[in-house]
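Chain residues, written in single-letter form:
Protein chains: 2
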Amino acid sequence: MLCLRGNLNAKIFLVGIGPGQAEHMTPCAKAAIVHAPVIIGHPDNLLQIAHLTHGKELLPLQHNPLERSRLAVEKAQNGQDVVIVSSGDPGTYAIAATFLDYLRQQNLNIDVEVVPGIGLASYASARLGAALGNDSAHISLSDQNTPWAAITRRLSSALAADFVVVIYNPFGKLGSARWEEALALIAKERNINTPIGILSQANTSNEKLLMTTLGQLPQIALPTDMLIIIGNSQSYFCGSYMITPRCYKENIGY
Amino acid sequence: MLCLRGNLNAKIFLVGIGPGQAEHMTPCAKAAIVHAPVIIGHPDNLLQIAHLTHGKELLPLQHNPLERSRLAVEKAQNGQDVVIVSSGDPGTYAIAATFLDYLRQQNLNIDVEVVPGIGLASYASARLGAALGNDSAHISLSDQNTPWAAITRRLSSALAADFVVVIYNPFGKLGSARWEEALALIAKERNINTPIGILSQANTSNEKLLMTTLGQLPQIALPTDMLIIIGNSQSYFCGSYMITPRCYKENIGY
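If you read the protein sequences in the order shown, they are chains A and B. Heads up: the first sequence is residues 1 to 254, going by our numbering. Heads up: the second sequence is residues 1 to 254, going by our numbering.
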């Protein structure tokens with residue numbers, strides 16, 4: 001059970017750079033990136049931190065966190081400290097689970113530090129106002145790592161129990177098929193006036209915030225790269241904000 | 001519906017300072033604090049940012065986010081920019097929902113910016129390794145703002161649907177009574193070997209990380225100020241890490 005404590009000198013940092021803008025990247029994340037000679041990550045994420053990586057060995061890997069994990073281990077075994085960058089928070093549908101599970105499977109012995117980042121849901125909620133103001137359920141529709149039956153069971157349970165529901169990766173390799181199935185489940189459990197907040201292309205200059213209702217959603221052309229927040233029975237829109245209050249009755253303070 | 005767009009010159013920032021250490025506070029949060037002449041927050045949070053607030057008007061308010069909201073509005077109406085600081089993320093059981101809902105109830109017209117912070121759950125998950133590696137449900141046991149029946153329904157649904165469950169505020173004004181009720185529900189739905197990660201006093205030098213199992217939990221003297229992460233059916237401990245993998249079968253990549 002010592003599989004994850006290092007006997008190498010090298011260390012691997014799993015670093016969350018947040019939604020993309022430098023103003024939302026923590027000093028801890030920045031310090032790890034500045035420190036490590038080798039930086040691995042999605043090409044888009046490496047571009048976002050280009051101002052911090054001059055003279056470093058940059059290893060952009062498009063698609064596969066498992067590949068990033070293997071490469072990071074290889075570099076660390078050669079004695080180099082490595083950063084694997086993740087957009088948002090590395091612990092939320094990102095590198096941390098893949099990497100640590102890989103180390104365990106390989107029974108590898110490397111020192112690891114997970115550096116948290118501003119997660120996409122926190123960022124979207126803030127941009128929307130207070131969309132996540134009460135209990136929330138976070139679900140990825142990507143079924144490459146979780147059986148679809150488990151995902152739909154979670155979605156239905158969360159909807160029935162009046163959680164605010166955050167949906168990650170609505171459009172997967174199957175296109176919009178999973179999302180359309182999910183939308184049917186949502187329509188079964190929630191009122192057509194339920195507020196929906198959608199953040200797309202969070203990391204780019206094309207970032208868009210969309211506010212609509214469950215009834216309007218099917219009429220909207222959705223971007224492929226998005227995070228969807230489905231309000232609970234108490235959520236409402238006010239001006240340019242989506243708010244999920246914590247008070248279920250008027251005049252209840254904290 | 002223009003209730004939340006400002007016609008005052010003054011602006012109110014709802015700022016998340018993260019788990020407490022400066023290394024986890026974003027530049028955006030720091031900039032807002034440095035900018036505003038008036039800073040409102042819990043005394044502990046004001047202490048954590050004392051290095052940023054020299055010469056500012058500091059208004060520590062122990063308990064009540066509604067009081068903080070009223071005071072911030074009063075200051076803004078006098079033309080001063082205000083920061084209300086929150087530990088963690090202001091959108092997660094913190095000031096954002098309370099404040100924006102208060103503005104709506106009062107039909108007040110003030111410019112607001114929510115600045116996200118590293119949430120306690122992201123931080124705890126990172127300290128544990130990858131505790132939140134798959135779908136998660138976030139539930140506060142504080143029933144001052146949500147009926148207890150709604151909370152227990154959410155908890156039971158989330159447990160039955162195999163979410164990783166994050167429990168906030170397990171000990172409330174009622175002491176451990178709610179937590180003991182919740183623990184009985186957890187024991188009904190989850191195996192005694194279920195990994196449990198507990199982070200306590202995250203903001204302080206007394207920060208403690210505790211790893212145990214559901215079976216052992218009742219034997220442990222729990223701190224009052226804690227966040228509890230209950231693993232799903234796939235979660236495991238390896239060395240000093242708590243990991244929730246995204247692979248439900250061996251050898252499935254992303």
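Mixed in with the good hints there might be a few duds.
[Unchecked claim] Label pairs and their in silico Cβ distance ranges: (1) A/Asn-64 / B/Pro-43: 43 to 49 Å; (2) B/His-51 / A/Gln-144: 43 to 49 Å; (3) B/Glu-74 / A/Gln-62: 49 to 55 Å; (4) A/Trp-148 / B/Trp-148: 31 to 37 Å; (5) A/Arg-153 / B/Pro-43: 33 to 39 Å; (6) B/Ala-187 / A/Ser-233: 48 to 54 Å; (7) B/Val-34 / A/Gln-144: 41 to 47 Å.
[Said to hold, decoys possible] With a straight-line Cα cutoff of 20 Å, these simulated DMTMM-like cross-link-like pairs (lysine to aspartate or glutamate) come out: (8) B/Lys-30 / A/Glu-57; (9) A/Lys-11 / B/Asp-111; (10) B/Lys-11 / B/Asp-143; (11) B/Lys-56 / B/Glu-74; (12) A/Lys-208 / A/Glu-57; (13) A/Lys-75 / A/Glu-23; (14) B/Lys-11 / A/Glu-23; (15) B/Lys-173 / B/Glu-113; (16) B/Lys-208 / A/Glu-57; (17) A/Lys-208 / B/Glu-74; (18) B/Lys-75 / B/Glu-23; (19) A/Lys-30 / B/Glu-23; (20) B/Lys-208 / B/Glu-23; (21) B/Lys-30 / B/Asp-44; (22) B/Lys-188 / B/Glu-113; (23) A/Lys-30 / A/Glu-74; (24) B/Lys-208 / B/Glu-67; (25) A/Lys-11 / A/Glu-57.
Since the hints were made in silico from the structure, they are not lab data. Glycine included, each C-beta is placed from N, C-alpha and C at the ideal position.
Hint check:
| no. | hint | result |
| --- | --- | --- |
| 1 | A/Asn-64 / B/Pro-43: 43 to 49 Å | 48 Å, holds |
| 2 | B/His-51 / A/Gln-144: 43 to 49 Å | 45 Å, holds |
| 3 | B/Glu-74 / A/Gln-62: 49 to 55 Å | 52 Å, holds |
| 4 | A/Trp-148 / B/Trp-148: 31 to 37 Å | 33 Å, holds |
| 5 | A/Arg-153 / B/Pro-43: 33 to 39 Å | 44 Å, violated |
| 6 | B/Ala-187 / A/Ser-233: 48 to 54 Å | 29 Å, violated |
| 7 | B/Val-34 / A/Gln-144: 41 to 47 Å | 44 Å, holds |
| 8 | B/Lys-30 / A/Glu-57 | 31 Å, violated |
| 9 | A/Lys-11 / B/Asp-111 | 45 Å, violated |
| 10 | B/Lys-11 / B/Asp-143 | 31 Å, violated |
| 11 | B/Lys-56 / B/Glu-74 | 17 Å, holds |
| 12 | A/Lys-208 / A/Glu-57 | 33 Å, violated |
| 13 | A/Lys-75 / A/Glu-23 | 30 Å, violated |
| 14 | B/Lys-11 / A/Glu-23 | 19 Å, holds |
| 15 | B/Lys-173 / B/Glu-113 | 31 Å, violated |
| 16 | B/Lys-208 / A/Glu-57 | 36 Å, violated |
| 17 | A/Lys-208 / B/Glu-74 | 33 Å, violated |
| 18 | B/Lys-75 / B/Glu-23 | 30 Å, violated |
| 19 | A/Lys-30 / B/Glu-23 | 9 Å, holds |
| 20 | B/Lys-208 / B/Glu-23 | 18 Å, holds |
| 21 | B/Lys-30 / B/Asp-44 | 17 Å, holds |
| 22 | B/Lys-188 / B/Glu-113 | 43 Å, violated |
| 23 | A/Lys-30 / A/Glu-74 | 23 Å, violated |
| 24 | B/Lys-208 / B/Glu-67 | 31 Å, violated |
| 25 | A/Lys-11 / A/Glu-57 | 16 Å, holds |
The structure shown violates the earlier hints numbered 5, 6, 8, 9, 10, 12, 13, 15, 16, 17, 18, 22, 23, 24.
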